[in-house]
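Trainee: If you want the building blocks of each chain, they are given just below.
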Amino acid sequence: MNRDELYIEIASKQLSKKGEVICGDVFLSKKIQEENRIITVLSDGLGSGVRANVLATLTATMGLNFTIEHYPPEHTAKTILDTLPVDKNRKISYATFTIVDSDADGETRIVNFDNPPMIIVRGNALFTPEITKKRISKKPGNTRELYCSSFQARLEDRIILLSDGVSQSGLGTAQYPFGWDVTDAGNWICRILDTEPGISASELAGRITEHAHANDIYDAKDDISCIVIYFRHPRKLLLCTGPPFHQEDDHRLAMTVDSFSGSKVLSGGTTAEIVSRELGREIEVSLDSMSDIPPVSFMQGVDLVTEGVLTLGRVSARLEAGVQLPVKGKDAASALLSLLLNNDQIFLLAGTRINEAHQDPSLPVELEIRRNLVKKVKRLLEDKYLKEVHLDFI
Amino acid sequence: MNGQVEVSICYGTLCFVMGGSEFEMIQDQLPSDIRHLVLVKGMNCPGYCNSQENGKPPFVTINGKLIGQANLQKVISGIMGELANGTDK
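Listed in order, the protein sequences are those of chains A and B.
Residue 128 in our numbering sits at position 128 of the first sequence, and the numbers go up by one each step.
Residue 1045 in our numbering sits at position 45 of the second sequence, and the numbers go up by one each step.
Calculated from the structure, these hints are not laboratory results.
Keep in mind it's a predicted model, so treat the numbers as computed, not measured.
Treat the hints loosely; a few may be bogus.
With a straight-line cut-off of 25 Å between C-alpha atoms, the simulated SDA-like cross-links for lysine to any residue are [stated by the list, open to error]:
#1 B/1065 <-> A/287
#2 B/1056 <-> A/329
#3 B/1056 <-> A/233
#4 B/1041 <-> A/83
#5 B/1065 <-> A/276
#6 B/1041 <-> A/352
#7 B/1074 <-> A/358
#8 A/133 <-> A/173
#9 B/1074 <-> A/360
#10 B/1056 <-> A/384
#11 A/330 <-> B/1065
#12 B/1056 <-> A/361
#13 B/1041 <-> A/299
#14 A/330 <-> B/1086
#15 A/330 <-> B/1021
#16 B/1056 <-> A/133
#17 B/1041 <-> A/300
#18 B/1041 <-> A/329
#19 B/1074 <-> A/300
#20 B/1056 <-> A/330
#21 B/1041 <-> A/276
#22 B/1041 <-> A/278
#23 B/1056 <-> A/328
#24 A/384 <-> A/233
#25 B/1056 <-> A/357
#26 B/1041 <-> A/54
#27 A/328 <-> B/1021
#28 B/1041 <-> A/286
#29 B/1041 <-> A/277
#30 B/1056 <-> A/287
#31 B/1065 <-> A/286
#32 B/1041 <-> A/290
#33 B/1056 <-> A/356
#34 B/1074 <-> A/46
From chain B, some residues computed to sit far from chain A (all C-beta separations above 10 Å) [unchecked claim]:
#35 1032
#36 1034
#37 1085
For glycine and all other residues, C-beta sits at the position ideal for the given N, C-alpha and C.
Construct the entire structure; sequences and hints are all you get.
Mentor: The following block contains the structure:
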């Protein structure tokens, strides 16, 4: 694997304006597998609450889809502004947006329309790429400006998008009479990165929104949104589940586990038994993590050992229902979920030997076929959690 | 074994769904005077369920002796038996 390979980690954190149930800022992100691009959009709808959310969703969806189709940004902006409904009170149709379009090699294009300028941090200092202004005219005499920039992102670069709820947080307070200026926010982020250079995108987004919330004295004056795009080395995880179809492959399975560089998980009693036998390592079962699924076990050199089908079934159900870091719970499924979400490239190695004892029709529960379960987990991780997943059968 | 009885519970898929999950609290079900003589451990699935001769899951071993279709009663009487053997010797 190429050492300079980039992984793009994207995370967002949002808080609604005080008194609103839903956020008027919308964040959308989509990975285009065939072209190896990731597009991220942040839109802030006029006002707050449901109406703002509808406007922002409309804007973000259009922004995302036009960008996927390589529409020129000024064309996208004009179409969006033409489409949005006119506000009854303010007599304008309006929503802001920022679109970040990154290729897998780091080539990044950013278009910003009326959102606070993005912050780019490179080597613990703020970096400003060249910005070109494009004019879009909705009506004669009413021109708006679109800020476009493009640059080559490097390893350890971070792009941070903020909604005006962040840049205007603390407005009118003694500390920030004119709000938390974007440059101030940028310097504050650099100070965080000084002490915690490897901080994850989700952690950083959380810290920024928390700070903005504190600036507003925990009484958010506007919707607060922060998106962090972090270019870094990918973190890799190998999940082996199920015994190989041919017994001759047992050794190959064990060697794959042994030589893999990254986190390793064995999910399945027989799988763990095979690796234990081939590598001569003991398995120790811990009864502490007992719940309604079997407990976790330990093996030297392996990050997690769990039971197979029941645990994966639970993982799949929780992925489907939606799960976020930090993962709650102490059982085996929570431990596995936490590892899955903390890694970017996930290699699934599924054994295809059928456990005949599982096929007994008198079993009190339905045991899913491992192959289907693994495919489902793969699909969920790719579509819902933007992970890069490779599935191999052995 | 210092007079202790070692109880290993299989936590394989099949044993777990067939009732193995109940045995976790087995220590609490024992008479208080023998509780300290019993060591309860988990065991990674050794594949007992693959051979019909072993009987049906859930499987528990008591001092290495295999018990098929285990339930609380069987396990407790197994432990009692082992303890009685231990004192006889």
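Trainee: Hint by hint, note whether the structure agrees.
Mentor: Against the structure, the hints:
With a CA separation close to 21 Å, the supplied pair residue 1065 of chain B and residue 287 of chain A stays within the 25 Å bound. Of the supplied pair hints, the one linking residue 1056 of chain B and residue 329 of chain A is violated, its CA atoms being roughly 32 Å apart against a limit of 25 Å. For a cut-off of 25 Å, the pair hint linking residue 1056 of chain B to residue 233 of chain A is broken: about 49 Å separates their Cα positions. For the given pair, residue 1041 of chain B sits about 66 Å from residue 83 of chain A by alpha-carbon distance, which is inconsistent with the 25 Å threshold.
About 22 Å separates the Cα atoms of residue 1065 of chain B and residue 276 of chain A, which keeps this hinted pair within 25 Å; it holds. Restraint check for residue 1041 of chain B and residue 352 of chain A: the C-alpha separation of about 30 Å exceeds 25 Å, so the hint is violated. Taking the CA atoms of residue 1074 of chain B and residue 358 of chain A, the gap is about 24 Å. The hint holds against a cut of 25 Å. This hinted pair does not check out: residue 133 of chain A and residue 173 of chain A have alpha carbons roughly 33 Å apart, beyond 25 Å.
For the hint linking residue 1074 of chain B to residue 360 of chain A, the alpha-carbon distance of about 23 Å falls within 25 Å, and the restraint holds. Between residue 1056 of chain B and residue 384 of chain A the alpha-carbon distance is near 40 Å, which puts this suggested pair outside the 25 Å criterion. A C-alpha spacing of about 32 Å is found between residue 330 of chain A and residue 1065 of chain B, which places the hinted pair above 25 Å, so the restraint is violated. The suggested pairing of residue 1056 of chain B with residue 361 of chain A holds, with an alpha-carbon distance near 14 Å, which does not exceed 25 Å.
Proposed proximity of residue 1041 of chain B and residue 299 of chain A is supported: the alpha carbons are some 16 Å apart, at most 25 Å. A distance of roughly 38 Å separates the Cα atoms of residue 330 of chain A and residue 1086 of chain B; the hinted pair therefore is violated under the 25 Å criterion. For the given pair, residue 330 of chain A sits about 16 Å from residue 1021 of chain B by alpha-carbon distance, which is consistent with the 25 Å threshold. A distance of roughly 74 Å separates the Cα atoms of residue 1056 of chain B and residue 133 of chain A; the hinted pair therefore is violated under the 25 Å criterion.
This hinted pair checks out: residue 1041 of chain B and residue 300 of chain A have alpha carbons roughly 19 Å apart, not beyond 25 Å. Simply put, residue 1041 of chain B and residue 329 of chain A have alpha-carbon atoms about 22 Å apart, close enough for the 25 Å limit, and the pair holds. The straight-line distance between the Cα atoms of residue 1074 of chain B and residue 300 of chain A is roughly 34 Å, outside the 25 Å bound, and the hint therefore fails. Straight-line distance between C-alpha atoms of residue 1056 of chain B and residue 330 of chain A comes to about 30 Å, which puts the hinted pair past the 25 Å bound.
About 18 Å separates the Cα atoms of residue 1041 of chain B and residue 276 of chain A, which keeps this hinted pair within 25 Å; it holds. Taken as a hint, the residue 1041 of chain B and residue 278 of chain A pair is honoured in the structure, with Cα atoms around 23 Å apart against an allowance of 25 Å. Pair hint residue 1056 of chain B plus residue 328 of chain A does not hold up; C-alpha atoms about 35 Å apart against a cutoff of 25 Å. Distance hint between residue 384 of chain A and residue 233 of chain A is fulfilled; the C-alpha atoms sit about 21 Å from each other, no more than 25 Å.
A threshold of 25 Å between alpha carbons decides the hint, and for residue 1056 of chain B with residue 357 of chain A the separation of about 10 Å falls inside it, so the pair holds. Using a Cα cut-off of 25 Å, the hinted pair residue 1041 of chain B and residue 54 of chain A is violated, with the two alpha carbons roughly 56 Å apart. Distance restraint check for residue 328 of chain A and residue 1021 of chain B: the Cα-Cα separation of roughly 22 Å lies within the 25 Å cut-off, and the hinted pair is therefore satisfied. Under the criterion of a C-alpha separation no larger than 25 Å, the hint pairing residue 1041 of chain B with residue 286 of chain A is consistent with the structure, at around 8 Å.
For the hint pairing residue 1041 of chain B with residue 277 of chain A, the CA-to-CA distance comes to about 20 Å; that is within 25 Å, so the pair holds. Straight-line distance between C-alpha atoms of residue 1056 of chain B and residue 287 of chain A comes to about 23 Å, which keeps the hinted pair within the 25 Å bound. Under the criterion of a C-alpha separation no larger than 25 Å, the hint pairing residue 1065 of chain B with residue 286 of chain A is consistent with the structure, at around 21 Å. For the proposed pair residue 1041 of chain B and residue 290 of chain A, the alpha carbon gap of about 12 Å is at most 25 Å, so the pair holds.
Between the alpha carbons of residue 1056 of chain B and residue 356 of chain A the distance comes to roughly 13 Å, so the proposed pair stays at or under 25 Å and holds. Using a Cα cut-off of 25 Å, the hinted pair residue 1074 of chain B and residue 46 of chain A is violated, with the two alpha carbons roughly 69 Å apart. Remark: the non-interface label on residue 1032 of chain B is consistent with the geometry, its nearest Cβ contact in chain A lying 20 Å away (cut-off 10 Å). Residue 1034 of chain B, annotated as away from the interface, keeps every beta carbon of chain A farther than 10 Å; the closest lies near 19 Å.
The Cβ of residue 1085 of chain B lies farther than 10 Å from every Cβ of chain A, with a closest approach of about 26 Å, so its non-interface assignment holds.
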